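Work out the full structure, taking the sequences as your base and the hints as a guide.
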Amino acid sequence: MSSILIKTVNLSKIYKIRNIEIKAVDNLNFEVKKGELIALMGPSGSGKTTFLYLISGLEKPTKGVIFFNNQDITKLNERELADFRLRNIGFVFQNYNLIPVLTALENVELPAIAAGILNEEEIRRKAIKIMETVGLRERLYNKPAELSGGEQQRVAIARALINDPFVIIADEPTSNVDLETGIKLIKLLLELNRKKGVTIIISTHDPVIAEQADRIVKIRNGQIAVS
Amino acid sequence: MVKIRKVVFVSVIVLILLLFQRGFSLTDTNNTPYYFYSASENPFSADNQIFILVSNKSFAYVKMSLHIKARYPSGIGHIVTVPIPYPLNEIFIINVTLSNKMAKYQVNSNQNETEVEVEVLPSLNEAYLQITYIVNKIYQGDEFKFKFKLSSTATELVLNVLFENKTNWVDRKSFEVIPKASKETCFVVAEEAMPFTFTVVLSNVMPKTITLFLKTQAAPLKIENIPLYGMGFALVPCIFITTSKLIRGLAAKRKIGVTKIAYRNILRQPIRFFLTIIGIVIPSTILTIALTQMEISEQLLSAYNLSGIEWPLLLVLIITIVTGCFQVANTIFSSVLERIKEIGVMKAIGFRNSFITKMIITESVLIGCIAGVIGAILGVSILMISYNPVYGALLSNDVVAYMMSSIFGEVDIMKPWTFIENPWYRNCILAVCVLVIVHFIVYSKVESISSSIVTIIFFTILLRPVDPFFLKLFLQIVPFLVFNIFIAVLFSVSLSAITGFLISKKATEIDTAKVMEYE
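Chains as they are written, first to last, in the numbering used here: chain A, 1 to 227; chain B, 1001 to 1519.
No lab work stands behind these hints: they were computed from the structure.
Since this is a predicted model, take the numbers as computed values, not measurements.
Any given hint could be a false lead.
Interface residues of chain A toward chain B, partial, derived using beta-carbon atoms under 10 Å [as the list claims (entries may be wrong)]:
#, residue
1, E59
2, R79
3, A82
4, D83
5, I89
6, G90
7, F91
8, F93
9, L102
10, E106
11, A115
For each residue, glycine too, the CB sits at the ideal point set by N, CA and C.
Listed below in structure tokens is the structure:
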């Protein structure tokens, strides 16, 4: 099925802390279709973040297989995983995680430079265009510290978009901003989803935010509660 | 367009400066007094004497004894010329003797004067020269004036005796000799700085014999004739400004890459960066000085003169540099620890480990490079200021004082306008005026001119009339000076690169997922 972007089969992640096994993700079978906007909901400690890190290759699963575009990413080595993330996944973190020494524009350009596909001029042009899309045309040359929380998260979204990824993984993108800004951010993600067809996976525990998504997935104790 | 403007601007300034140098002759170069300096107490010593025996039969019997020291025979300055202010037909050279058989001499003469050229071979340590001649035709009349001036560029190397019979000489000291019944009169002029002239006035007496003993003390080195010291001084701010501009230019470059990120990371904690820089500047300064001194010793001193103190020094040096590198390691390590999350984010986005490694190595190399360059330049400057790289001899404290007075000029407080006579001041003022005017014409505004002023001062010092003898000596040591600077920079860069590499290995082991969890 080509319309399925991510597919996990019996995915488990078990942490061992002083001989106590903690099942962060427990036998999870899950599918993400192309162009979907999925909201992962669940209390903290339910395994949302671990699941997101697993499907993006930041962590290796204890058991199970992850297919990304029919490619088994659990078999990739560290370097291949880095390249895989760079090309296929855009990250938006809870607390923005922008590089503080670079300007907003440079932060957006950074992944493209790491990818090394486009030349300097093209990267700059593309970055400015994306900054326009997220509505930050005026704040190109400001450092992250000079931007508000919402603006920083927009820069992070722009950074996630620069390499035209298949999927944007947003780990609680709205939990550090107020509700209004959060809704605006979600609307922006929704717009990107509709216009560009980017698959977006958001984890949140705010039902108001989650309502905007195509599909809400509730996770509890590492397992899908309601689909 | 801006670049062309700048080039035109700078070249106009340099041209005008050159014009000033040519057009306004700064000092009467024909009359430039030579000074000498020696570490020994009395370089002229009793060995260097001039006997003038004036007989009442209208002729003078002159006997000169010179002790020529060629302590650092370097292939330069081993020709000593002894001018005699008479053409050959007016004098009669009785004998020229040289204590060392390896040395040679040659008598040259023209219409006005005769000179005895003594060639001291490089292997030679010292020689005694004795010239005796008779002057047939001395001045007739009541007054007999015999002026002479003793001089040398540096006693350790060359000792020149110059006879000067110009009338425009400033008489610093005049002696009136009225011979007594005793056979000889001795003058000690130790308290007076060289050069000096004295006049022997013979009046109302027709002595049988006058014997002049000349005994001198060393005069302190006058830096006026050694603009290189001033240059060393001026170099320091120039280098600082140029490097800072260079770095700023690097940072302003549009492309963001490893270098730019590394540079900005360094500047996050400017004070820490500054302290680290100092930690390497000191060893690389010492390295430059030590290497240059070693080289000078090897080149100029004969093998048996080496006492073998260089190796312990080098050992201490290496330890210092390694300590400096530990400091770099410490700085980089703590900055990596501070940014552990940021590095985690970079890895999450998809940066390869090689990029992180490169970034951290670049950071440490940048620190090493900046510190190495500053240290090497400082080393050269210190070498020029406190050492005499030309002779490998340590200068006394007086030198610094003289240097200061040379750079800033000796201004008579009672006659403040006389400072304009100081060529350095005059050049500076003219250059700055030209700079401001040209700047105003080109950019029609006066701003950001301070660095240009420093550059101009540098050029002014550089373009001062340079004593060709010193320039020649300086040019001889330039190659290995540059080489030593290169070595010092290379050393600090490579060591800091190694430490950077070791730390980056640690940084790449950062577990991204864990870092992100524990915020």
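Consistency of the hints with the structure:
no. : hint : result
1   : E59  : holds (5 Å)
2   : R79  : holds (6 Å)
3   : A82  : holds (5 Å)
4   : D83  : holds (7 Å)
5   : I89  : holds (8 Å)
6   : G90  : holds (8 Å)
7   : F91  : holds (6 Å)
8   : F93  : holds (7 Å)
9   : L102 : holds (7 Å)
10  : E106 : holds (5 Å)
11  : A115 : holds (8 Å)
The earlier numbered hints are all upheld by this structure, with none contradicted.
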